[in-house]
Amino acid sequence: MTAHSHHSTAYDLIIIGFGMASHRLLQELGQLSLAPKRILVLGEETLPAYNRVLLPQLIEDSSTDISLPALNFGQNIVTVLSDEKVVSISRQTQQLHTESGKCFVYRKLVFATGSAPVFPDFCNEEDIAGSGMYGRMLALRHTGDVAKISEFPAGSHIVIQGGGFIALETAAALSAHYRVSVCHRGPYLMNRLLDETASLLLQASLEQRGIEVLLQTEINGAKASPHKLQLALSGPAGLRTVAAELLIAALGVKPRCELAKLAGINTNRGILVNHQMQSSDPDIFAIGECAECNGETVGLVAPVYQQAVVLAQVLTRPVLSGQTHARYQANTSATNLKISGLAISTVGDIGALLKNTNPALNSLVYQDQQQGDYRRIWLLNGQLQGAVLCGDTSLIQHYQQLMHVPQTTSPAAGTEDWLNTWLFQVA
Amino acid sequence: MQSHAPQNTHSTCPYCGVGCGVVSNKGSATIAGDLLHPANFGRLCVKGTALAETLNTQGRLLQPVVDGMPADWPLALTTAASRLQKIIVEHGPGSVAMYLSGQLLTEDYYVANKLLKGFIGSSHLDTNSRLCMASTVAGHKRAFGEDVVPGCYEDLELADLTVLVGSNLAWAHPVLFQRLLAAKAVSPDKKIVVIDPRRTATAESADLFLPIRPGTDVAMFSGLLAYLARQGQLDTDFTEQHCTGLTQTLEAAQCWLNIAQLADYCDVPVSDLTTFFQWFGATARTVTVFSQGINQAANGTDKVNAIINVHLATGRIGKPGACPLSVTGQPNAMGGREVGALANQLAGHLRFPSELTGIDETPDAEWQALRQFWRAPDLVQQGGYTAVDLFAAIGRGEIKAVWIMATNPVVSMPQADLVKQALQRCELVLVSDIYQDSDTVAQADIVFPALGFAEKDGTVTNSERRISRQRAFLPAPGEARADWQIVCDVAKALGFAHGFNYQNPAQIFREHAALTTLCNNGRRALDLTACRAMSDAAYDAWQPQQWPLPQVGYDSARLFANGQFYTADRKAKLVPLSGLEVLPRQGGDFVLNSGRIRDQWHTMTRTGRVPALMQHQSEPFVAMHPNDARRYQLKDGDLVELSNALGIFRGRAQLTDAQRCGELFVPMHWSGQFGFLSRCDVLYDDSRDPISRQPAFKQGQVQLKKLVVSAELVLFSRQPDLLPQLHGLCSYVVTVPHANMTEYRMALTVPANALAQLISLISHQLISAIQQSAAGAPPEQIQAQAPQHWRQAYVQDDQLQALLYAGPTLPALDRAWLDQCFANLLTATTRRQLLRGAPLEAGDCSALVCSCFQVRQQSIQQAITKGARCSASLGQQLKCGTGCGSCLPEIRQLLQHAPMLKI
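If you're matching them up, the sequences are chains A and B in order. Residue numbers for the first sequence follow my numbering, beginning at 27 and rising by one. Residue numbers for the second sequence follow my numbering, beginning at 4 and rising by one.
Misleading hints may appear alongside valid ones.
Restraint-style ranges between C-beta atoms, simulated for each label pair [what the hints assert, rightly or not]:
#	chain 1	residue 1	chain 2	residue 2	range
1	B	Thr752	A	Val431	33 to 39 Å
2	A	Asn382	B	Ile651	43 to 49 Å
3	A	Asp375	B	Asp639	41 to 47 Å
4	A	Asn362	B	Cys873	41 to 47 Å
5	B	Gly731	A	Glu86	52 to 58 Å
6	B	Asp639	A	Asn320	49 to 55 Å
What the hints contain is simulated information worked out from the structure, not anything from laboratory work. The beta carbon of each residue, even a glycine, is placed where N, CA and C say it ideally should be.
Turn these sequences into a full structure, and let the hints steer you where they fit.
And the structure:
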C-alpha cells in the first residue's frame, strides 16, 4: 500500500476502521477529483483491509488470496495508521484521541467500525478477549482467528455454535481436516434465510461431508482445561456433555457503535444515519455494519459497497452543489452461500415470508432431490416477495431484478404459463 | 402364395374406397404411391403416406386365443368348429351369423359368404358396408336394376361442374379431391359446388357452397329436377327411350318448384340455390359425387335416387364427365357387394328368388344355378338380418354364435353399448383380427390372428369398379393366417372340405369370376367371364382393371351410355320421392352429425398407432357454432358431454362457424382403446333407412352439458396401458401415442379442494406402475408446485419414466421434444427443463397443419407475415401442402387470416 505520511494532525477526512467498507470508500474517493484532499484512516488490525468474506475459504486453503484491489488515491493524500484504536471523540473541537495518546483533528469523520461477534451468555470478558478458556473459544472475525484455528491438529473436534451463514461456511471449511459439530438452537439450519426443505438439503450436504448437525440444541456452559473443552448441551436428546478441542461462536454480530454513543451521537442498534449516511452530527457519517439506516443494519457486502459509493459522493457534495444528492436506498440483494457441492442463494426476507399468513401470498416450488435442485418463490398479487434457490442458482439474478419490478409488468398468476415464467424462465 | 417379396411390390392402399396403388420398395418398410395406378397416378394422402409406420408388429395378434388363453391352430379350429356344430345342432343354422368388413379382400369375402349362406345355411351375414354403402346399393338397384357405379374417376376431371353432396372429399378421399383440384387448376372455369351442413375443408375450395339443413337433400334435388323440367332442360329423348317413371317422379317433385320456398326449407340463400340450379341446367358435363352424408340417413336410399333421378332425366349418365358417382368409404366395400356379402344379397349379383319374383318366369333360376355351382344343398333362399337387426338378434339370444372379421362393431355400430352387451351375452363370439387390443377382440371367445394389409394376397374393387391386387410384401407375423384360409380351415373342421379346398386366392377368384357368368347372358353387368380361366401367373401379374370384363380388353370405363340398364325392361327407373325429411327419434337439443377427420381411419386401430397422424386432432371433439357455445358458456377446448337415453360421449368443444347453429359434429374414430366415453356411436339409436337398412349416423339427437373442469391433467408415460387405471380417477381421459411414450390427456372435475388428494392418488398409481415394470426400484421424482398447479417427473437411471402436468391451465407442451426426452438419457440441462414442458429455446408447439411434413400453424403464419402470399410459395419455403395436399384448405384459410378450420 502506498500511503503518503503526513505529519499535520488536521485532516479533511478521518475514517475510523479499515475494513471492507472503508476500503471501498477510499477506492471511490480516489476516483473523484473533488474529494477531500487529506485523509486519515485509523485501523485496529495490523493488516491492511482484506476480504473478510473469504475467511472460511482461508481456513480450507491457506493460499487463498484474500487481498482487496490495490487502492489508487489519485490526488488525495491518504495516511493509514494501523493498530491504532480510537478511544474518544470531542465533537466540539472535532478532535479524536487514540489509545496510544495521539490526537487528530477532523473536518469530516466517518465511522466504519464494523461489527463485533456475539458470544454465548456463559462467556466472560476474558473468554471474549481470547485469553480465557485456554484459547479454546473464538469467533471467526479476523485472520488472527484463522491462524489460531490452524494451530489445532487435524482430527480435532471443533464445535460451532450457530446455524447461520458464517457458522455453516466455517463448518464446511473445517470439515476437510477436523471433526465438526454444529449446534443450532433453531428448528433447522439458517432458519431465517431458508425454508425447511432448502435447509434439509443443506443439512444433508453438510452431513455428507461428515459434519454433525445438532438442531434445537443449546450450549449451556463450557469448561476448559489446557487439554480439553467440556461443553454442556441441551437438546431433544436431553442434557449431555460433549468433549471438544475448540468452540467457535457463530451467533451473529452486533454493530460496533460504543464509541459513537460515547461521543453523544444518536445510536440504536447501530449508528443512526440518514440516506446520505450522515449521523445526528452533520460532520460525522457512518457506513458498513456499524450503521443503521431506516431501521436496518446490513451484514452483506453488496449494500455496504452501495453505502460507500453514496458516501463518497456525499463527501464531495459541497463542491458539487446544484447536483442531485446521492441517496442510499436499502436494496434487496441476493445472498449467496457457497459450499462446494451445493450452492444456495436467497433473496428477500424469507423468515418474514414464512411467518406471513396472508392467504394471497402464494408460494411456488420446484424440486429435484436427486439433482439437489430446489427453488421456492413467494408471490403476492403477482409481485415477487422472495426466493430460495439450491443447487441450480442461476435464476437468482433474475429474481433479484424482479424483486424491484412493479407489479404491473410482472406476469400475473393464473395465466397459462405463470408457473413457467416464475420457476423456469431465465434472466 | 409368394414366398419372398420381389424388389418392388405393387399393391393397393387399405384405407378408403379410392383404392390407390402403392409400391413397397424391396419388401422394406417404405411405401410410395404407384405412378402407374389409374386411381392415383402416384398420389397418396397423409394416411397412405404414413402406411409404412403401421407395419410394425407391435400389438399384433400372433397366435390364436381360446377363452383368453393362447392356443395353437388345431385347438382353436376344433374348438370353434365343435362349438359352432353344437349351436347349429341345438338351435338350427339360423342361430349362426357373420359380420364382415370392407377391409376384407374379395376372396376372403367370397369364402365367408359361401360358408355361411351355402353350407352352414344361415343368411345372417352382413358387413360393415351396411354402415357405409347400403343406401347406394339400394338406390343403384332401384334405378339401374343392379348395384353398378355408372362412371369413373376420370369423369371428375372431365366434368365442367362437380357437385359434391354429403362428401368431405378433401379429407375422406383426398386423392380424388387432388385430382379434381388439379383439373380445375388447368381449367379454372370448371365449377365446384359443395352441399353440406358443415363448411368443411372441401367447401373451402368450392365456387358455391350450400350449407344445407340436414335431411333436406331429397327436397333440394327434387326441386332441381322440377326446375330443370320447367326450364326445358331435360333430355327427353333419353328419358323416353331408356327410362320409366319420369311423369310420376316429376309430379312428386312439383311441390318443390318454388325456389324461394325450397331455399327456405333447405335453409340456404335463395340466390345461391338459384345459381346452383342455373349452373346445373347449363352444364352438360356434370358429376354429382355423393358419400356418407347421403347414405347414412333414415332416407338415404331416397337421397341416392333423388340424385340419380336428376342425372337420368338429363341423360347425364355413362358419358365422359357426366354421371352420379358414389365414393365408398372402404378399400373393398365394392368387392364385398360383388360377392354378395350383404344379408340381402345372394352371391355374385345373383338374386334370391324373392328378388326375381314377378320379373322373371323362373325366379329361382339364379338360386338353383348357384346351388348347383357350389354343390351346396343348404343354400339359403332368402335374405337375413342386416347389421343393426343382426346384433339385436344376438342381444335377444336368437343368434347364438357370431363370427366377426376385420371390424370393430363395439365402436362402429349404432347403439354401440347395446352391441357390446349383446356380445357379452352371446354364447360364441369368434373374432378374426390383426390387433390384440380392439374393443371387439375384448369380447371374443375365440380369436383368430389374421394377416394385415402388407401380408395379404388377393383383390379389391374400388369406387370406380376397378379390381386391383393387394400383394404381400412382408411375411406373416407369428402364426397369423389369411382370412380366406381361416374361413376354409373352419369350414373343413366343420366337415365341408369339398367346398373349401382352395390352394390360393387365385383359385377363389376364378371361382368367383365363373360364378358371375351363371345365368348371365347380359342380364347382369357384373360379368368376369374374362377371368374365369385366368392362370395363377396371370392373377399374380394382374393390372388394375374395371369390370365388367366379359372379354379381355373390354372397355368398362363407363356404363349405360347405350341406354341399356339391368332392370327387367332394360330401362332405368326414376323414383318418385316425397322429399319430406325423416326426423330422428331420440329427442334432444342438438342434431348430431358424425364422420371422419383428416388423419384418422375408422376406429384408429392402425392410424392411432402413428404419432404423426395423431397430432392434427388428438382428442375427440364436439364441433359447434360459437352462438351455441355462448348459450352454454363454452369456450374452445372446454369439456362437454353429449348424452341421450342411449349413452354418453365426452369431448372438447371446438368452436367454429363452419358448423350450423343447433347442429354438432363429432369424429367417429375414438374407441375404448383411446379414450373413456369417447365412442360417439353409443348415441345413435337404430334409426335406419327402411329400404337399405343403413343406420342414420348423420342425424342423432343429443343433449349437451358443459363439464366443469377443476384441472386439466396431461400425463406422459412409458406405460402404454394405463387407461383402465386412469379412467376410474377422472371424468375424461384419452390416449395419444407418441414414438417413445404414451400421452394421457385427462380432465378432473372434483372440487378444487380435493385436487391435491386426487393428484397424489394418480401419482401413487403411476409410481407403482413404474415400480412394477422396473423390478421394484422407486423412481426419482422432480416436482414443481404452485397453488392448484402440479408438475412431476419420474426418472430412473437417467431415463425419463413419466411426466405429469396438472392445473387449471397447462403450459405449452413441446411434445416432439418431450418424446425425445423419453428416448435419450437425461442430461442435467434437459432434466431442469422437463417440468417447463418445452426447452428454453422452444420449438413451434402450435397446431399441426401439414402432417406429411409436420409443418405447424405458427411457422406458416410467420412465413405469411414475412410476405408469403399463396400456398405455392408457402410450399416452396416450408414444404407444407406439397405432400398429399389435404391441408391446402387449411393453408388457404391461414392465408386469408381466418381462424383455422378444425373440423
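Results of checking the hints against the structure:
1. B:Thr752 to A:Val431: 33 to 39 Å: Holds: the Cβ-Cβ distance is about 37 Å, inside 33 to 39 Å.
2. A:Asn382 to B:Ile651: 43 to 49 Å: Since the Cβ atoms of A:Asn382 and B:Ile651 sit about 46 Å apart, the hinted range of 43 to 49 Å holds.
3. A:Asp375 to B:Asp639: 41 to 47 Å: With a Cβ separation near 43 Å, A:Asp375 and B:Asp639 satisfy 41 to 47 Å, so the hint holds.
4. A:Asn362 to B:Cys873: 41 to 47 Å: Check failed, 56 Å falls outside 41 to 47 Å.
5. B:Gly731 to A:Glu86: 52 to 58 Å: Taking Cβ atoms as reference, B:Gly731 and A:Glu86 lie about 57 Å apart, which means the hint holds.
6. B:Asp639 to A:Asn320: 49 to 55 Å: For B:Asp639 and A:Asn320 the Cβ distance comes to about 52 Å; the hint holds.
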